[in-house]
Amino acid sequence: MDVNDLVLVQGIRDTRETLDRWNRHPWPIVRTWLALSIAIACLLLGSVYAVARFSEADPTPFSILGIHRDGDPWDVAVVLYRNFLVLALHAMACVAGFIAGSSLPLSAAHRSGTWRWIHEKAGPLAIGFVVCATTFSFLTQAYVIGGNLSTIAAQLDVTPGTVLLVYLPHALPELTAVFLPLAAWIIASRRGHWAQLLAATFVTVAIAIPVLVIAASVEVYLSPELLKLVV
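In terms of this note's numbering, the sequence shown is residues 1 to 231.
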């Protein structure tokens with residue numbers, strides 16, 4: 001059998017076995033992902049609040065749902081597009097972890113010479129890319145969302161904390177959902193369970209998508225109504 005075929009077959013086998021095992025007892029693994037994802041989401045929300053508190057509000061008028069206009073299905077689509085991009089980035093990080101920690105070492109073990117060296121070095125580089133990409137995602141979200149929060153609070157003449165509390169019903173589930181693949185990656189990497197990451201990608205994305213759809217609807221239709229109560 002060709003080395004690439006061997007790696008593919010082994011990856012499919014590991015993924016299928018992992019899914020079968022999780023299907024028998026799903027809650028323990030989902031609970032672990034969920035706890036870490038919520039912790040990451042709370043850390044990001046704290047960072048967003050810090051950015052909003054210490055950044056200068058943009059004087060450019062900001063169109064605020066519920067204040068300047070009502071939301072519509074197009075707004076839901078825009079929110080989903082933005083969140084699906086972040087989810088896709090974290091899902092790809094999870095896949096990269098599977099390739100770097102499981103597929104590449106197996107492929108390297110069946111090669112020699114230069115190709116073996118390349119496969120051995122590619123794994124750490126892929127993991128480094130995952131770390132850099134997720135760190136960039138986290139910092140970018142904190143900066144962008146924090147800046148928007150500061151601007152909205154200034155325009156409405158309320159504190160950033162007040163706006164953040166109003167948006168919390170959709171923000172916390174939304175961020176928890178997009179960070180699920182990242183949480184799975186962190187847990188698997190700490191335990192050395194790299195072969196489980198492809199299965200984790202499928203499961204976390206399947207869980208995240210309906211949560212993001214609900215959160216986007218809440219963001220567009222319910223959160224603006226809550227915002228009206230505090231301004």
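None of these hints come from the bench; they were simulated from the model.
We treat Cβ as the ideally placed atom computed from N, Cα and C, and that holds for glycine.
Some hints here could point you the wrong way.
To be verified - Derived lysine to any residue pairs resembling SDA-like cross-links, with alpha carbons at most 20 Å apart:
(1) K228 with I29
(2) K228 with T140
(3) K228 with V158
(4) K228 with L36
(5) K228 with T135
(6) K228 with A88
(7) K228 with L165
(8) K228 with Y81
(9) K228 with F138
(10) K228 with P169
(11) K228 with M92
(12) K228 with S137
(13) K228 with R69
(14) K228 with F62
(15) K228 with Y143
(16) K228 with L168
(17) K228 with I67
(18) K228 with V144
(19) K228 with A39
(20) K228 with P28
(21) K228 with T159
(22) K228 with V218
(23) K228 with D157
(24) K228 with D72
(25) K228 with S63
(26) K228 with I64
(27) K228 with S217
(28) K228 with A142
(29) K228 with A154
To be verified - Here are the computed distance ranges between Cβ atoms for each label pair:
(30) D20 with C42: 29 to 35 Å
(31) V144 with P26: 30 to 36 Å
(32) C42 with A206: 48 to 54 Å
(33) F129 with E17: 32 to 38 Å
(34) G192 with R53: 35 to 41 Å
The hints, checked one at a time:
Among the hinted pairs, K228 with I29 is inconsistent with the structure: their alpha-carbon atoms are about 40 Å apart, more than 20 Å. Between K228 and T140 the CA atoms are separated by roughly 28 Å; this puts the pair beyond 20 Å, and the hint is violated. In summary, the hint linking K228 to V158 is supported, as the alpha carbons are separated by about 12 Å, within the 20 Å threshold. With a C-alpha separation of about 33 Å, the suggested pairing of K228 with L36 is violated against the 20 Å cut-off.
Of the pairs offered as hints, the one joining K228 and T135 is violated, with about 35 Å between alpha carbons and a cut-off of 20 Å exceeded. For the suggested pair K228 and A88, the alpha carbons sit about 33 Å apart, so the restraint of at most 20 Å is broken. Between K228 and L165 the CA atoms are separated by roughly 13 Å; this keeps the pair inside 20 Å, and the hint holds. For the hint pairing K228 with Y81, the CA-to-CA distance comes to about 26 Å; that exceeds 20 Å, so the pair is violated.
Taking the CA atoms of K228 and F138, the gap is near 29 Å; set against the 20 Å cutoff, the hint is violated. The hinted pair formed by K228 and P169 meets the criterion: a straight-line CA distance of about 15 Å does not exceed 20 Å. Taken as a hint, the K228 and M92 pair is broken in the structure, with Cα atoms around 38 Å apart against an allowance of 20 Å. For the suggested pair K228 and S137, the alpha carbons sit about 31 Å apart, so the restraint of at most 20 Å is broken.
Using a Cα cut-off of 20 Å, the hinted pair K228 and R69 holds, with the two alpha carbons roughly 12 Å apart. For the hint pairing K228 with F62, the CA-to-CA distance comes to about 16 Å; that is within 20 Å, so the pair holds. A C-alpha spacing of about 25 Å is found between K228 and Y143, which places the hinted pair above 20 Å, so the restraint is violated. Distance check on the hinted pair: K228 and L168 sit about 15 Å apart at the alpha-carbon level, within 20 Å; holds.
Only pairs whose Cα atoms come within 20 Å are accepted, and K228 paired with I67 is accepted, the gap being roughly 7 Å. For the proposed pair K228 and V144, the alpha carbon gap of about 23 Å is over 20 Å, so the pair is violated. Taking the CA atoms of K228 and A39, the gap is near 29 Å; set against the 20 Å cutoff, the hint is violated. Note on K228 and P28: the hinted pairing is violated, with a Cα-Cα distance of about 40 Å set against a maximum of 20 Å.
Taking the CA atoms of K228 and T159, the gap is about 14 Å. The hint holds against a cut of 20 Å. For a cut-off of 20 Å, the pair hint linking K228 to V218 stands: about 14 Å separates their Cα positions. At most 20 Å may separate the alpha-carbon atoms for a hinted pair to count; K228 and D157 meet this at roughly 13 Å. With a C-alpha separation of about 17 Å, the suggested pairing of K228 with D72 holds against the 20 Å cut-off.
At roughly 14 Å between alpha-carbon atoms, K228 and S63 fall within 20 Å of each other, so this suggested pair holds. At roughly 11 Å between alpha-carbon atoms, K228 and I64 fall within 20 Å of each other, so this suggested pair holds. A hinted pair counts as satisfied when its Cα atoms are at most 20 Å apart, and K228 with S217 qualifies at roughly 17 Å. At most 20 Å may separate the alpha-carbon atoms for a hinted pair to count; K228 and A142 exceed this at roughly 25 Å.
The straight-line distance between the Cα atoms of K228 and A154 is roughly 15 Å, inside the 20 Å bound, and the hint therefore holds. Taking 29 to 35 Å as the suggested C-beta distance range, the pair D20 and C42 conforms, at roughly 33 Å. Range check, V144 to P26: about 34 Å between beta-carbon atoms, so the 30 to 36 Å window is met. At roughly 23 Å, the beta carbons of C42 and A206 sit outside the given window of 48 to 54 Å.
Look at F129 against E17: about 27 Å separates their beta carbons, and that is not inside 32 to 38 Å. Between G192 and R53 the beta carbons are some 40 Å apart, a value that agrees with the proposed interval 35 to 41 Å.
This entry does not satisfy hints 1, 2, 4, 5, 6, 8, 9, 11, 12, 15, 18, 19, 20, 28, 32 and 33, going by the numbered hints stated previously.
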